[in-house]
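Novice: Put together the whole structure using the sequences plus the hints.
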Amino acid sequence: MSTTKIIYGLYGDDDDLMHGVKAFNDKGIKINEVYTPFPVHGLDKAMPVTELQLGSH
Amino acid sequence: MSGHYEAPIREPLIIGHKTYHDITEDIARPIEERAGKLWWASLYAALILFVYGFGCIAYTIGTGIGAWGLNRTINWGWDITNFVWWVGIGHAGTLISAVLLLFRQRWRMSVNRSAEAMTIFAVCQAAIFPVIHMGRVWVGYWVFPLPNQFGTLWTNFNSPLLWDVFAISTYFSVSVVFWFMGLIPDFAMIRDRAKTPFNKKIYTLLAFGWGGKAKHWQRFEELSLVLAGLATPLVFSVHTTVSFDFATSVIKGWHSTIYPPYFVAGAIFSGFAMVQTLLLVARKVCHLEDYITMYHIEIMNIVIVVTGGMVTVAYATEYFIGWYSGSRFEDFTYLSPGAAVGPYWWAFWALIICNLVVPAAFWFKKVRTNIFWTFIIALIINIGMWFERFDIIVINLSRDYLPSSWTMFKPTVIDVGVYLGTIGFFSVLFLLYARTFPVIAQAELKSILKISGETYKAKEGDEHH
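For the protein sequence lines, the chains are A and B, in the order given.
Heads up, the first sequence is in the numbering used here, so the first residue is 1 and it goes up one at a time.
Heads up, the second sequence is in the numbering used here, so the first residue is 1 and it goes up one at a time.
Source of the hints: derived by calculation from the structure; they are not laboratory data.
It should be emphasised that the depicted structure is a prediction, and the values quoted were computed from it without experimental measurement.
Hints may contain errors.
[To be verified] Partial chain A-side listing against chain B, Cβ under 7 Å, derived:
no. : residue
1   : VAL34
2   : THR36
3   : PRO39
Even glycine gets a Cβ: it sits at the ideal position worked out from N, Cα and C.
Specialist: Pasting the structure below:
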């Protein structure tokens, strides 16, 4: 039996989202993906998203 | 607070107590609602001009450019005047979208989408004139340096007219890519709200599978920066190259070293006047007063007064040199004591009044924060900048080096028709755009709501007191 747990979070505000991302990071929970309707400042650093490298995917 | 701190003393960029959802609703409304009577009336009027103009273009192509008012002395007339006028108008869009992005000017977010649309539509109009001026448009591809078997036919790399081909095609392609890339997340928003299958299909295609992942946004912002870097030199290079069409020639009045900076300043000057003309109408019709605020209008008027000042200095320099050189030929140039009292005195004074005297009213805060006067003055600048190009071309050519060939230019019905046709074409494109595209970069705007929104700024102010 797998022990992997998946958590889905739904946030109504970008500040709450950023607090959530920090909390997950502090607990060592890997964040797979975040979907937002507009760019959230600092989210790419907090997750973190892999840096853009032209030539790779 | 996420994002950057902004001083409470700065004016809010989004007025009213908006939530993120309010912004979505406000931007999507013009697309989702049915068009009003005013829109249809404007579209029909624009279509009539458009069809008439294209009739005139067809007549020109069928008959030859003898259908225009050109003569042996004045071999460039309305065609090149209109070309330079339209290219110049485009410059404000690129300045707003590229230069102001690099300078992190947040006010650009409410106006960049429409300004870029204006750029692209204006460049389309501009391109028509040199193409039909070729006469034999079906061999228009000869301007490109293609491998060919025509023997002696080679593009002339010494000619600024060829540089224009490269400058303008680069400008057009970079502007389109930049504009479209910015539109992708907003198309996705429209797609996700679309109710009819047809709309869903169209906006799905346009949105390029946008999903709003954190990685998408990171790439989006990175690419915006790269494209802004690419587009910034174009703001300066394109109109510099257009000015070379004149400045590298040996025609008195054209052969002037100050043309490149003077043309660029003039282009931005006229471009912002056109942005004002369009946005003052669009904000009213689409109810976007909370996003395109008085602050936006005022700051654009300040750009107008600054670039207008540069143009004034250039005019003064040209006038002074025309007099100081003591050359008889210089006394016939478009900015000279001779031009002020010569047969084209009316064109000379139209230029001075529309571009120097009237825009100076924007030095007064009362005027530049008044919507009615902003609209009127912007219209006058549009006219004045048309006269600038008319004066440069027609006044300078009308009195050449041989007094026996001195003559005047009389535009024909076809000349006028082609010009009105491009205004119609431009209006058709802009009206269709305003109904089908998100006219404000809503995703970007949402990212500054908590920094520059009125509600949030008020809260911030309270915390500090």
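Novice: Hint compliance check: list the failing hint numbers for this structure, sorted ascending.
Specialist: Hint check: nothing fails, all pass.
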